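**Student:** Chains as they are written, first to last, in the working numbering: chain S, 609 to 995; chain R, 609 to 995.
No lab work stands behind these hints, which were simulated from the structure alone.
From a predicted model like this one, the values you see are computed outputs, not experimental measurements.
Wrong hints could be hidden among the right ones.
Chain copies aren't distinguished; within one or between two, either way the pair holds.
[Claimed, not checked] Distance condition first, Cα-Cα at most 25 Å in a straight line; then the derived DSS-like pairs of lysine-lysine:
hint: 1; residue 1: Lys994; residue 2: Lys977
hint: 2; residue 1: Lys659; residue 2: Lys856
hint: 3; residue 1: Lys989; residue 2: Lys659
hint: 4; residue 1: Lys993; residue 2: Lys945
hint: 5; residue 1: Lys659; residue 2: Lys945
hint: 6; residue 1: Lys993; residue 2: Lys852
hint: 7; residue 1: Lys852; residue 2: Lys989
hint: 8; residue 1: Lys856; residue 2: Lys945
hint: 9; residue 1: Lys659; residue 2: Lys852
hint: 10; residue 1: Lys993; residue 2: Lys919
hint: 11; residue 1: Lys856; residue 2: Lys919
hint: 12; residue 1: Lys919; residue 2: Lys994
hint: 13; residue 1: Lys856; residue 2: Lys977
hint: 14; residue 1: Lys856; residue 2: Lys993
hint: 15; residue 1: Lys659; residue 2: Lys993
hint: 16; residue 1: Lys852; residue 2: Lys945
hint: 17; residue 1: Lys659; residue 2: Lys684
hint: 18; residue 1: Lys994; residue 2: Lys856
hint: 19; residue 1: Lys684; residue 2: Lys989
hint: 20; residue 1: Lys852; residue 2: Lys919
hint: 21; residue 1: Lys684; residue 2: Lys919
hint: 22; residue 1: Lys993; residue 2: Lys684
2 protein chains.
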Amino acid sequence: MAIADPMDRSSSNAGQYVELGDEGALRLDSGTELPRFGVAYQTYGTLNADKSNAVLVCHALTGDQHAANTHPITGKLGWWEVMIGPGRPLDTDRYFIISSNVLGGCMGSTGPKEINPETGEPWALSFPVITIGDMVRAQARLLDHLGIDQLFCVIGGSMGGMQALQWASAYPERVFASVPIASAARHSAQNIAFGEVGRQAIMADRNWHGGEYHAHATTPHAGLAVARMAAHITYLSEAALHRKFGRKLQDRDSITFGFDADFQVESYLRHQGSTFVDRFDANSYLFITRAMDYFDMAVEHDGSLPAAFHKTPVRFCVISFTSDWLFPTADSREVVKALNAEAANVSFVEVETDKGHDAFLLDEPEFHKTLVGFLNGAADKRGLKKP
Amino acid sequence: MAIADPMDRSSSNAGQYVELGDEGALRLDSGTELPRFGVAYQTYGTLNADKSNAVLVCHALTGDQHAANTHPITGKLGWWEVMIGPGRPLDTDRYFIISSNVLGGCMGSTGPKEINPETGEPWALSFPVITIGDMVRAQARLLDHLGIDQLFCVIGGSMGGMQALQWASAYPERVFASVPIASAARHSAQNIAFGEVGRQAIMADRNWHGGEYHAHATTPHAGLAVARMAAHITYLSEAALHRKFGRKLQDRDSITFGFDADFQVESYLRHQGSTFVDRFDANSYLFITRAMDYFDMAVEHDGSLPAAFHKTPVRFCVISFTSDWLFPTADSREVVKALNAEAANVSFVEVETDKGHDAFLLDEPEFHKTLVGFLNGAADKRGLKKP
């Protein structure tokens, strides 16, 4: 198996892709099956001889596999460059990092944007409604393909943290360590509500055409931008918005008594909305938010969250941020309580920051220090060679 | 002057209306003028002989003059029935309550929905962008018309609280007491951001037609519903959403793996959106949210909030709610700090509740008790006859 040079940005931009299904269809939680499915992914670092140093990085709602390489559409740095690389917390001199686009995504993995082989048309809304469990099942098949029996670590923030938890629950023997960051074992009522606003914004766009916009050679840009804008507010804290923007005006000395973006925060949000639509598929947004809404680990274990981690051998590092109101610390505490009830090996850190939910993407010293400490300890225990 | 019987719901449903401008045009903060303008209002209770018992109730973003009578469109109880009536905190046996639709509103007062007399067409986006100060100026003209020199009290929650503060600042001699509830002296960056999301949702609706939907015999229902849904989440606390809905399903035993409203919270939000569009004008939503964004009392006083209340003779009762994250207690504290700097007569109560911003509309015992205590004391001081 050829592993791409992690620092060769030109080759990793193209991305790696594998079509799976030869070993059987992918069975989904909805009861339907995908006979064949593709997974687009990136790797960074080198897989060691006994394949024990693999780290699976799981992305959030609007992330993708381009965690630590220049994004092929936006030309921007990867979304977790601060985390992945030589000498960084996810040290590519020590670990082999795998970052795959989730099932249902829009950057190459099978999802509503891709062609349904049975019809020759994009799946659109005929794509099966998927779950976090389905995403993880698809990732497990990628690992099978790569010949990796056990991950050294599965890690992610937000929806990525849901996957990290789901991995530990569904495949405890395939996970040495799990790091759910700014995440939860179930989506809250408020988060379902925000998810629904985003979906309704997309569906309200007349260019959505019941999801069949490809057939009309159009896209529901306006609705998707509104969905992104509403969501983006929830990623920041009130304090961060105040510090960053306050009531500062955008390129003007006084208010204009009109509906232009007088305030910097308006201009910023509009920019967030308009750039997002260039790289994200509206139907993917529907499917992925739905998968998050449906996530509730206790429900699948007769209402008992501890049962989801029964006698788990996995080492956990649960991290939350004080100013995160989308996935507040209380959500992480629930996970920790359940793990404690199973006498699991768990460390829990609530990082003091005013940067809100987005803190998991940022260069937060206390957060990174926590992570490095945990990973070093776990890697030593796993017998991984020091860089 | 004929005062409507407050308990005659059929007559008060029709509403009262006055066209003003004979005493001069209404000068707006934008520099433009409205030569003539109309104010739609309701009254409850009886004005006493020396006209000293008038209470002006100021409504929030989506409120209107129908505070304590059946709403002529929805057929529902008034939005502040729990507050206004015989024996209620705003006791109609003691006070004469005036509730007027704000300038820019859509329930009869001059606003973008009304006809511009110069063109014979609805104002739509040609309506001047108004401010909280303009709303208050129009209300002052209504009081002139009613022959009321001084309000016993001006009271309101959210945007209504902004008006209560603006009244005290702009017309200190015309206000005996002011009660801003769940409000602020300036709109925060986060609130401007949410306002912008609502506006963009409306403008993204193809039926908006640059505000000229009346000319196309349509309305941007879908966009306005999305705006309402997003805003509605901010009116509730996470705890209230969790208590009220949690992850409970709507009329089904299990998730459907689709995009219907599986969860009660989705169904509730959709209902909030779809009923709102029957009673509210999309352009009004744009203008009123803009007025809130522009509200910043300090800016008009060289950056000094205390200067906005210089040597104020007004008695203040500032009220906030612990779980209100839209207008958090910190916003109220800023007002109180400024009033204290002016040695104003101010009492401040933070009411413990998990009901979020919406608490100001609800029957919250501690809130009502606080209010009754303050109003009774002030009324006695003002020499108002006990009921």
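**Student:** Going back to the hint list, which numbers does this structure go against?
**Tutor:** 2, 4, 5, 6, 7, 9, 10, 11, 12, 13, 14, 17, 18, 19, 20, 21 and 22
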